[in-house]
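Trainee: Generate coordinates for the entire structure from the input sequences, incorporating the hints supplied.
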Amino acid sequence: MSKLWKKVLAASAAGALVLGLTACGGSGDGGSGDGSGDGHLVFMIWDPGQKSGMEAIADAYMEKHPEVTIEVQASGWDEYWTKLEAAAKSNSLPDIFWMHSNQMYTYADAGILADCSDIVNEADYAETSIENAKGSDGKIYGVPKDKDIIAFLYNKELFDQAGVGYPTADWTWDDLESASQTIYDATGKYGYMAFSHDQIGYWNFVYQNGGQILSDDGSEAMYTEPATADAIKYYIGLQENDWCPTQEQFANTGAAEMFFSGQGSMYYAGNWDLANLCATYPDMNGKWDVAVLPKCPDPADGEGRGVISNSVSYATAAEGENHDMAMDFLAFLGSEEGQRIQGESGVAIPAYNGLEDTWVQFFADQGYEVNVGNLIEQFDYSVKYVNNASRRAWEPEVEQTVLDIYAGTLTVDEGIQQMQDEVTQAIADQ
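Residues in the sequence shown are numbered consecutively from 11, following this note's numbering.
It is worth saying that the hints were derived from the structure and are not from the lab. Bear in mind that the values here come from a model prediction, so they are computed numbers and not experimental data. Please note that a few of the clues may not be correct.
What the hints assert, rightly or not - With a cut-off of at most 25 Å between alpha-carbon atoms, the simulated DSS-like pairs for lysine-lysine come out as follows:
{"id": "1", "residue 1": "Lys93", "residue 2": "Lys166"}
{"id": "2", "residue 1": "Lys394", "residue 2": "Lys144"}
{"id": "3", "residue 1": "Lys93", "residue 2": "Lys199"}
{"id": "4", "residue 1": "Lys394", "residue 2": "Lys149"}
{"id": "5", "residue 1": "Lys243", "residue 2": "Lys394"}
{"id": "6", "residue 1": "Lys93", "residue 2": "Lys61"}
{"id": "7", "residue 1": "Lys166", "residue 2": "Lys199"}
Said to hold, decoys possible - Between beta-carbon pairs, the in silico distance windows are:
{"id": "8", "residue 1": "Asn295", "residue 2": "Asp195", "range": "42 to 52 Å"}
{"id": "9", "residue 1": "Thr434", "residue 2": "Asp195", "range": "35 to 45 Å"}
{"id": "10", "residue 1": "Glu387", "residue 2": "Asn286", "range": "15 to 25 Å"}
{"id": "11", "residue 1": "Glu73", "residue 2": "Ser229", "range": "42 to 52 Å"}
{"id": "12", "residue 1": "Thr234", "residue 2": "Lys149", "range": "30 to 40 Å"}
{"id": "13", "residue 1": "Glu167", "residue 2": "Asp423", "range": "48 to 58 Å"}
{"id": "14", "residue 1": "Leu413", "residue 2": "Lys166", "range": "28 to 38 Å"}
{"id": "15", "residue 1": "Gln371", "residue 2": "Gly264", "range": "26 to 36 Å"}
{"id": "16", "residue 1": "Asn363", "residue 2": "Asp431", "range": "24 to 34 Å"}
{"id": "17", "residue 1": "Lys149", "residue 2": "Asp170", "range": "51 to 61 Å"}
Cβ atoms here follow ideal geometry from the backbone N, Cα and C, with glycine treated the same way.
Mentor: What follows is the structure, encoded as structure tokens:
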């Protein structure tokens, strides 16, 4: 058993985690792990909004393999991980399941996941998606599902009321601030809503300024490096403007709710939310749009561009009653056909290279007047989601430290040093 997993088990015993996995995975039916099975595959996901898309891929596979039945089970994020961890503990993992990059090292390094290296052609997928599917040993433990990007949403009506031109690819942080102040002065509505978040918030600003959260190999924290610290200070400092809501306000009313109720004019969101937002707020169709993220006007290093890109993988247990069938279905999920079906569902951008337009076309086919095609160009300068094997330990601590800075219980300099120390300690304990 790895040193990592001993720590996870210890944490579980202390009540911090549900995890208590054995050294090799199980099957949906708790079978013998010899690869034979009854032809019924359980496919578990954490987003009910993507269930129909996953069922469409499963239907296409079952049409080719009538001897196989695939049941897609969807639950919310928290419930999903509780179920998956409990299933792993009892050696009864579902046949196929999603694996987030946050959890990949934990499961892969413990020997829970099947090695998918033989069914993944790395050249077919986005580099970030491949990297997020690897364990610490560099082997591929999941089939790349998608790749995501951050979108800059803006309310066209509020821009028009304030006489502000819509965001362009040339916009900088200066333009973001200027537009925010003008809109606030003219309409009384909020400008850019800078809520506390890493992937959708300050990480993007750090990399645009030429900073890093971790070193390239993930072995060192980089919070106190000048380019990183300056960007964190800038992002947190945006809340000091009257046009930005406070974190207390965000805790009561999310940025999306403020935006679509006309209380705020700009915010960042993951592309994975866009199809749902279009469907949830049909009365706002044509009244908002998306753009690429504004760039840093004077970066410490680089061109001022940068946007975080993450991805999800399809995975199966290292051993399981339906192992052979599960691996074959995994290969289909990662195929051009399977990835195309996913893109056409509109919920995720395929990880498979060249299929981005399938996702873009969905919005046009549905009559959604939002120019999501703008977002695809950001992959040219995207940054891999910040992750290392100790992330599970340091992420909640860093998140709380950021909130403490916002709350005023720590100065920003104290907080940045504390984040540096928290990540450094987590890496040392790994």
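Trainee: Each hint: holds or not?
Mentor: Here is what the structure says about each hint:
1. Lys93 <-> Lys166: 42 Å, violated
2. Lys394 <-> Lys144: Holds, at roughly 13 Å.
3. Lys93 <-> Lys199: 42 Å, violated
4. Lys394 <-> Lys149: 17 Å, holds
5. Lys243 <-> Lys394: Within the cut-off at roughly 22 Å; holds.
6. Lys93 <-> Lys61: The hint holds at about 17 Å.
7. Lys166 <-> Lys199: The given pair, whose Cα atoms are some 13 Å apart, holds under the 25 Å limit.
8. Asn295 <-> Asp195: 42 to 52 Å: 28 Å, violated
9. Thr434 <-> Asp195: 35 to 45 Å: 44 Å, holds
10. Glu387 <-> Asn286: 15 to 25 Å: Given a distance of about 23 Å, which is inside 15 to 25 Å, the answer is holds.
11. Glu73 <-> Ser229: 42 to 52 Å: With Cβ atoms ~47 Å apart, the hint holds.
12. Thr234 <-> Lys149: 30 to 40 Å: Check passed, 33 Å falls within 30 to 40 Å.
13. Glu167 <-> Asp423: 48 to 58 Å: Roughly 40 Å apart at Cβ, these two residues miss the hinted range, so it is violated.
14. Leu413 <-> Lys166: 28 to 38 Å: For Leu413 and Lys166 the Cβ distance comes to about 32 Å; the hint holds.
15. Gln371 <-> Gly264: 26 to 36 Å: 29 Å, holds
16. Asn363 <-> Asp431: 24 to 34 Å: 40 Å, violated
17. Lys149 <-> Asp170: 51 to 61 Å: 53 Å, holds
In this structure, the hints that do not hold are numbers 1, 3, 8, 13, 16, in rising order.
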